[in-house]
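Okay, here's what each chain looks like letter by letter:
Protein chains: 2
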Amino acid sequence: MNFSSNLIKDTVEAFAALPGIGRKSALRLAFHLLEQPEETTTEFAEAIQKMRAGIKTCNTCGNLSDEDICGICKDPSRDSKVICVVEGVRDLMAIEDTQHFRGRYHVLGGLIAPIEGVGPADLTIADLLQRATQPETQELIMALSPTIDGDTTIFYINKQLHERGIDVTVSNIARGVSFGGELEYADGVTLGRSILARTPYKG
Amino acid sequence: MNFSSNLIKDTVEAFAALPGIGRKSALRLAFHLLEQPEETTTEFAEAIQKMRAGIKTCNTCGNLSDEDICGICKDPSRDSKVICVVEGVRDLMAIEDTQHFRGRYHVLGGLIAPIEGVGPADLTIADLLQRATQPETQELIMALSPTIDGDTTIFYINKQLHERGIDVTVSNIARGVSFGGELEYADGVTLGRSILARTPYKG
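For the protein sequence lines, the chains are A and B, in the order given.
Take the position in the first sequence, starting the count at 1, then add 22; the result is the number in the numbering used here.
Take the position in the second sequence, starting the count at 1, then add 22; the result is the number in the numbering used here.
Be careful, since some hints might not be right.
Chain copies aren't distinguished; within one or between two, either way the pair holds.
Unchecked claim - 20 angstroms max Cα-Cα, derived PhoX-like pairs, lysine-lysine:
| no. | residue 1 | residue 2 |
| --- | --- | --- |
| 1 | 72 | 31 |
| 2 | 181 | 224 |
| 3 | 78 | 31 |
| 4 | 46 | 224 |
| 5 | 31 | 96 |
| 6 | 31 | 46 |
| 7 | 72 | 181 |
| 8 | 103 | 78 |
| 9 | 78 | 96 |
These are calculated hints, taken from the structure and not from any lab test.
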């Protein structure tokens with residue numbers, strides 16, 4: 023692409039470095055920002071800089087937050103008895119969006135992945151075990167991806183709880199075919215496992 | 023979407039306001055910028071602000087430029103005899119990318135569109151007529167969209183040149199079916215016109 027302006031070129035290249043944005047889209051976005059009032063463009067750039075400079079990790083659960091303790095951990099109306107364990111903040115947000123969970127969270131910051139060199143010490147598992155020992159904690163819901171890494175992580179946490187004699191219920195989120203999905207389009211592994219893990223019909 | 027952080031929320035909303043970016047993509051981009059080194063994110067935001075604050079319009083042709091005269095107008099190797107007239111800078115860049123044109127440009131800043139209230143005075147037509155009077159100018163290539171507005175604009179410019187007795191050749195870029203395109207997928211208007219505007223076969 024021929025740029026008559028290095029200023030535009032720098033912006034297009036910065037946009038094109040973002041995931042899912044190609045050169046053509048990047049150019050379109052750069053021109054859009056040129057056509058906006060200067061104030062709007064400044065606000066856009068400032069929002070990004072403020073976010074990057076000001077974002078914090080919740081001291082309790084590992085959620086991203088504007089303060090040292092996140093809004094969910096601070097909220098007295100949330101149930102402290104149940105902790106939902108997730109890989110990352112995106113999973114937490116996806117669960118929050120369902121509005122089906124009113125407990126607390128714990129963000130692991132990843133999954134145990136020996137091949138990629140991610141061990142338990144790289145995650146917030148020690149913090150989770152600490153939280154599990156607190157008297158109000160009754161249940162850990164493992165809301166991790168149904169992959170080998172996810173299963174390994176669940177196995178490891180469960181083993182640690184047993185070894186330390188920490189008495190909490192550990193549960194997995196239900197796995198099976200998607201609600202509303204056409205059975206013929208479900209992937210084979212999910213479909214096969216959903217037959218093995220069938221549940222009694224409550225008529 | 024539930025945001026535990028206003029900083030993230032502001033950035034997601036700023037991204038989602040850009041064309042072609044939905045809420046899910048905006049969230050993905052915000053998290054990407056959080057995961058990058060702070061320096062990379064700062065550079066991204068600064069590139070945008072620098073571009074918006076520093077961009078200029080070339081005094082000669084109307085191209086976007088970092089300086090008062092753009093690189094194309096400054097380049098002594100470009101042919102001053104031919105001026106390619108385009109609607110906007112994006113069209114100029116698309117033509118530059120083809121590497122088939124080595125003349126100069128003139129950016130109109132739009133097309134005459136009476137219904138939308140865009141008249142000749144809103145465009146850089148007066149500047150174009152001025153450039154056309156310069157002795158080195160021999161040809162204006164009208165590289166405008168093949169629409170009613172495009173045709174109106176070409177008609178108007180041509181009329182002005184005649185009325186002022188400015189003696190330059192005016193040409194249109196070729197219109198017809200796309201090279202390499204399947205004829206059956208060409209739109210009806212283009213296909214119809216390409217038959218009317220057929221050219222002799224040079225065997």
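Original post:
How do residue 72 and residue 181 come out at 20 angstroms by Cα distance, when the copy is not named: within, between, both, or neither?
Top reply: Neither: 41 angstroms inside a chain and 54 angstroms across chains, both beyond 20 angstroms.
**OP:** At 20 angstroms max between alpha carbons, let me know whether residue 31 reaches residue 46 within a copy, between copies, both or neither.
**Re:** within (12 angstroms within a copy, 26 angstroms between copies)
Original post:
Can you tell me if residue 72 and residue 31 fall within 20 angstroms by alpha carbon in one copy, between copies, both or neither?
Top reply: between (24 angstroms within a copy, 11 angstroms between copies)
Original post:
Can you tell me if residue 78 and residue 96 fall within 20 angstroms by alpha carbon in one copy, between copies, both or neither?
Top reply: The answer is within: 15 angstroms in one copy meets 20 angstroms, while 49 angstroms across copies does not.
Original post:
Should residue 31 paired with residue 96 be assigned to within, between, both, or neither, using CA atoms and 20 angstroms as the limit?
Top reply: Between copies only: 19 angstroms across, 45 angstroms inside.
Original post:
Given a CA cutoff of 20 angstroms, do residue 78 and residue 31 count as a within-copy pair, a between-copy pair, both, or neither?
Top reply: between (32 angstroms within a copy, 14 angstroms between copies)
**OP:** Classify it for me, residue 103 with residue 78: is the Cα-Cα distance of at most 20 angstroms met within a copy, between copies, both or neither?
**Re:** neither (25 angstroms within a copy, 60 angstroms between copies)
**OP:** Classify it for me, residue 181 with residue 224: is the Cα-Cα distance of at most 20 angstroms met within a copy, between copies, both or neither?
**Re:** neither (33 angstroms within a copy, 81 angstroms between copies)
Original post:
Are the CA atoms of residue 46 and residue 224 at most 20 angstroms apart within a copy, between copies, both, or neither?
Top reply: Neither way: residue 46 and residue 224 sit 54 angstroms apart in one copy and 36 angstroms across, limit 20 angstroms.
Violation of the numbered hints given earlier is confined to hints 2, 4, 7 and 8; the remaining hints are satisfied by the structure.
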